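Colleague: Residue numbers (my numbering), protein chains in the order written: chain H, 1 to 135; chain V, 1001 to 1239.
Simulated from the structure, these hints should not be mistaken for laboratory data. Any given hint could be a false lead.
As the list claims (entries may be wrong) - Ranges of calculated distance between the beta carbons of each label pair, as one might list FRET restraints:
#, chain 1, residue 1, chain 2, residue 2, range
1, V, S1056, H, R75, 38 to 44 angstroms
2, H, M81, V, P1015, 40 to 46 angstroms
3, V, D1064, H, M81, 30 to 36 angstroms
4, V, D1138, H, Q83, 25 to 31 angstroms
Claimed, not checked - Some, not all, of what chain H presents toward chain V, calculated at C-beta under 8 angstroms:
#, residue
5, I76
6, A78
7, L82
8, Q100
9, K103
10, V109
11, D110
12, T113
13, A115
14, T118
15, A121
16, L126
Quantities reported herein were computed from a predicted structural model and do not represent experimental measurements. Every residue gets a Cβ at the ideal spot worked out from N, C-alpha and C, and that includes glycine.
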Amino acid sequence: MKRAVPVVALSIVGLIAVWRYEPSAAPADSTAGPAPAASTPSGSSGSSSATVVKGTTVTTDKGPVQVEASFEGGRITAVRMLQQPDHPQTRAAVPKLVAQTLKAQSADVDTVTGATITSDAYRTSLQAAIDAKGA
Amino acid sequence: MGFPVSLRVDDADVPERAADAVFAWLREVDERFSPFRPGSEVACHGRGELARHELSEDLVEVLDLCEHYRRATGGAFDVRPPGRGFDPCAVVKGWAVQRGAQLLRAAGARRFCLNAGGDVVVSGGPWRVGVRHPEHADMLCTTLELTDGAVATSARYERGDHIVDGRTGRPATALLSVTVTAATLTEADPIATAAFAMGPEGIDWAASQPGCEVFAVLPGGRVLRSEGFPVGEGVPRAA
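Just chain V, with the same shape it has in the complex (with noise of 0.2 angstroms):
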């Protein structure tokens, strides 16, 4: 997938080797589920080459999660969109970085930040999150405070039109940026991308999932959020 990680980790008294641990457990995911590398059990399986019952328990977790999805959205989150090849990474992403601040959980870290390329998992906050504006990288268009939760983004100015609406096989393109806050990154960021994919009712559609909150950006600089959206201070920044 190749995208960089950001861990901070506040507790003192944590070993440097939790942190290695978390990383290892991506490198390991990447390894065995991405769809670009031929030999990982995510490509064999997209090829039909693994039936269900040889698949690993977490590609099986993992598949279980996309079809949920699938059903939730009607058909718009697919990862067999038409004409396309296999590709759960909307689902597996969250799921790893997940099961990476599990890891730190267990290894005795409380507060900590822990960013995989703009998906980010906090624990023992307040944490101050800035959300990238859509239309300038070096800008924010909001700020939240979470202290324990998750938060992911989907949106196409980093990857071009990369989100297809599973319905059509289109690029999904209603939407400049969906942002979700969760309980945990294995709900917020595939519900971000399918919100995406959803289009302009996929806000409704991920304001309503459980504990989720939503702030989307439209074409136009409009932005619709739900009221529950944890919006932060936005303390002006130190010059």
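If we strip away everything but chain H, and leave its shape as in the complex, we get (with noise of 0.2 angstroms):
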């Protein structure tokens, strides 16, 4: 989560949105059952279970936000930008980084990833140790 910082603020700026429209597409008689689809502000997937709103526009200071939300039953399963400003806020954060010192070691492992091997390289390599095994 990289981003989280200034992209969680901006999503919270855009559900803000969606929220908002929620209370006027709720029918005040709820007997008839669990709301539709369409009655989200613009438009949904096809897909069965999970919804797809998109939120207005929010114009701010830094430029316009909008954002998507995916969700499945009353649950937000995923957020996405559709609009953001270019502003250094909202580029990527740099990611921390962890220093250690190079060790070599022997592990029980499915498979193995290198540099890409010819087929000479291979028939003396871990992975090739690990296909005689599981053939």
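Got two chains here, each in a separate frame; can you build the complex from them with the hints?
Modeller: This is how it looks when you write it as structure tokens:
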């Protein structure tokens, strides 16, 4: 979650716009069963359980912001930025790196990643040993 | 391209022909996209014999990916580096192997591990993936645990100085190896190559790509990894 701080903050701005829509869309008499997806402000995806809702565009002092939220039941499963200002605060933060020293180890693994190897080098590789065990 | 491909599928109900289809697809990619085959679409395009509107949809998709990473790296990742021919292998490989994994999923495979010359796509894990030690071919320098996703490594210990910094046209030599995890190999493979081409600044760059984690080995035995890199438990090998 490298963009956690700015993106979460902006997402909330957008989601407020989404939530604002809810009361007006909800019927006064709720005995009619679950509200259809069509009552959401701007369309929904075709899938059976997930609903995708676009928020309205909110103008902030950094520029326009718009988010799209995916719901499954009453739960938000994803939030995506549709519009975000081209401003340093919305660009990726520099991720934190951890320094350590190189160690050589042998461990029981299912497969090995490495630079692309030739068929010749493969014959003596760890991956070949793993493959031989599984064959 | 000529690299070994290992495939393990644990689902009992997936027919063998699903695996055959993956290998057939990878052979087809080699025929069509190898810059080393004079008659391939890539070789023809590299010689200027095929204009963009004459290209297959697949090659257009590959070229768009190449351009995306060229821009994203300020030109360090370039499939047409100065003084060298058109070689999109760094994008083609990950893209093709990822599509192979999608063929497996479409055939019903849920738990599998596909390793194409050191680039890995896994599904339905946990899977324990070892990262080859850059200086000792028979050792690992870390292990990681992946459930669904991809991991790729770029280094020069296998094929020498083959990764070129597109900004200078010179071989990239500032890192010993870069390993990148991502949701797909379409991302992990070019991002690992691009980070390697960029040098030390590529480590930060790779770590800031959406959904990516990085493990980089620098000369002198220093390791820099992103905080979220999924380091495994490192179960000692059974004797």
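Colleague: Tell me the numbers of any earlier hints that the structure contravenes, in ascending order.
Modeller: Those not satisfied are hints 3, 4, 5, 6 and 7.
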